[in-house]
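**Student:** Read off the chains here:
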Amino acid sequence: MSGYRGDVADALSGSAIFGALYATGPVVRTVLIGPDGSPGLISAPVVEGSVPSIVDLAPAAGWDEREAADLYGVGFNGHSPMRPLVAHGAALEDWTVRVSGHDAYQVAVGPIHAGVIESGHFRFHVVGDRILHLDAQLFYKHRGLQAAAEGRRLREAMALVARTCAACSVTNAIAYADACEQVLALEPPSELRRVRTILVELERVWNHLNDVSAICAGVGMAAGNAAFAALTERARRLNDALTGHRFLRGAVQVGASDLDWDASAVRRAANELDSVRTDAARAWRELAFNASFQDRLAGVGVIDAGRARALGVVGPAARAAGLDRDERCHSGRLSYDGFAPALPERPDGDVRARYEQRALELWQSFDLLGMLLDRPVTASRAEPGPAVRIPGAGPGDETGIGVVEGPRGRTVCILEARDGQVIRLQLRTASFANWPAVAAAAAGSLLPDFPLINKSFELCYACVDR
Amino acid sequence: MFTLLRDLRRLRRQLDLPHRTGSLAIRHCDVGSCNGCEHELTLASGPHYDLSRFGLGMVASPRHADVLLVTGAITSRMSTALRRAYEAMPEPRRVAALGDCALGIGLLGSPDDILGPVELVLPVDLQIPGCPPTPDAIATALFGLLASRPAGQGVTVGRPLGSADEQPTGERRID
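Protein sequences, first through last, are from chains D and W.
Numbered per my numbering, the first sequence spans residues 321 to 786.
Numbered per my numbering, the second sequence spans residues 481 to 655.
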């Protein structure tokens with residue numbers, strides 16, 4: 321193996337992991353992330369409309385290649401069958417896996433779901449109540465946000481990134497701000513790193529509280545659902561009190577932070593977080609002793625370590641399967657000195673493990689916030705620093721790659737810029753990384769368990785569809 | 481956790497009983513949001529706001545719905561599903577546009593992929609601005625829809641039944 325595929329294979333057989341793959345038109349680039357969190361690029365020129373596929377080397381690249389094929393018309397030699405992902409309107413047999421046999425039939429769900437949920441279409445292939453295979457057709461909410469960013473000033477495009485997804489607004493915004501600051505040769509001083517870390521941990525807190533509430537809802541556990549929904553509301557009110565927005569939107573800017581919290585504001589926030597933590601711990605304990613609830617979680621929707629690694633699962637879902645990767649361990653542009661990931665006692669990769677992982681990370685985030693909110697926060701600006709050069713980027717290219725561990729896991733933001741304008745923006749969110757795992761976890765499970773399995777990942781559609 | 485719910489009950493003791501004038505069945509439809517409106521709508525049904533106690537319930541099928549509550553600017557891929565959901569609703573029916581995207585304020589995205597605000601496809605009776613509107617704002621707006629309804633009549637916010645622009649069959653053109 322030589323050339324592009326050989327380089328990718330070498331990197332993957334070393335210590336790098338697959339980070340993202342995207343097309344620019346004339347070139348397809350693969351992002352690989354080293355064990356220290358540093359990203360590098362390997363590029364393949366598009367020749368006669370196609371490049372070699374790497375999906376056999378990195379199965380996690382499957383959706384990336386399908387997206388590039390649909391949006392940029394690139395062919396991937398060796399990726400077969402190449403099913404449409406973003407493009408809708410294909411015949412059913414062209415975008416679903418053919419499943420046949422005695423009593424096999426299909427259950428179609430969505431794009432409009434029964435509850436208050438984002439839109440997307442699922443096609444379950446089942447026998448009786450048993451799911452054989454799930455084909456998910458997402459991208460109903462494709463708004464062309466990445467394309468809309470092209471040609472805009474770097475600071476202007478932040479509006480698009482921050483509005484890609486409300487649940488991951490801070491994560492996406494920090495990943496983009498990091499990429500911009502690399503291009504602009506700016507470095508965040510310690511105060512800017514601290515306030516961004518506070519923001520992303522606040523985002524993790526409300527999301528994990530929301531996820532526990534959603535898992536309870538997934539099995540009809542109304543009391544747990546209500547208790548954690550109430551805590552989610554309190555966390556969002558705290559976000560509003562600190563930043564003026566319940567989803568912390570607008571708090572992350574390129575190269576600066578205007579947030580200014582005096583001693584009493586910081587103390588009030590820390591006290592409220594302590595109080596939310598106490599109530600969350602109390603509610604969690606009551607759920608822990610509810611045997612009929614706990615019985616519903618164990619052994620359901622299993623993604624073990626091997627499959628999690630192959631599928632490129634990220635975040636709490638990966639750690640619940642025993643993978644110890646957490647980008648906070650090497651986030652030099654944030655304040656995570658001495659951070660070690662919280663790992664489960666039972667890394668079973670099932671709904672219970674993902675549920676318990678949320679709590680482990682919640683307590684850790686409360687600890688982190690307690691330490692970070694020990695003094696007032698002042699406005700700060702990024703300082704001129706050495707230009708960051710991404711290995712593998714072309715000599716004249718201005719490329720920045722931000723890698724942030726959000727509530728759902730690693731989000732990678734790739735920015736290609738010229739003269740202060742966005743040339744190409746690719747936001748590979750944790751939800752994008754994990755959707756294939758939801759489908760994999762559903763296979764073999766009972767159809768009525770799907771809402772529970774889905775909630776145990778609690779992925780965004782907006783983050784994927786973009 | 482039941483202790484936690486009791487705490488909420490203590491806070492609520494100071495309030496008046498809900499002035500319930502009727503009920504509305506609401507079908508939510510996301511046609512291209514950022515997920516913010518959904519998260520806030522979920523909490524509007526949560527313990528702090530508890531819409532169902534005030535007669536506002538979310539229903540699974542548009543066939544059972546009085547109000548189609550639409551979030552997001554309409555993407556090219558969701559317009560058909562939106563029309564179908566509306567067509568499945570019995571008359572009288574109303575449409576509420578929830579959030580700035582649904583209202584067409586500051587739309588973001590590519591023109592190829594986004595058609596525009598909800599009113600481009602459906603007649604909008606109630607507008608709930610905000611990015612996203614808070615659960616409080618959502619609750620207040622929906623209560624307004626309920627409170628403005630005289631006893632024994634249909635919802636009169638927006639276009640009352642039988643007004644000049646209403647078609648006599650009760651079927652509204654949506655294209």
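Just so you know, these hints were derived from the structure itself, not from any lab.
Any given hint could be a false lead.
To be verified - Pulled a few chain W residues facing chain D out of the computed Cβ check, cut under 10 Å:
| hint | residue |
| --- | --- |
| 1 | Ala505 |
| 2 | Ala524 |
| 3 | Ala553 |
Note that this is a predicted model, so its numbers are computed, not measured.
Note that the Cβ used here is the ideal one computed from N, Cα and C, for glycine as well.
**Student:** Now look at each hint and say whether the structure bears it out.
**Tutor:** Going through the hints against the structure:
1. With 10 Å as the threshold, the beta carbon of Ala505(W) stays out of range of chain D, its nearest partner Cβ sitting at about 13 Å, so the hint is violated.
2. Proximity of Ala524(W) to chain D holds as hinted, the smallest CB-CB distance being about 9 Å (cut-off 10 Å).
3. Using the Cβ-Cβ criterion of 10 Å, the hint placing Ala553(W) at the interface with chain D is satisfied: the shortest such distance is roughly 7 Å.
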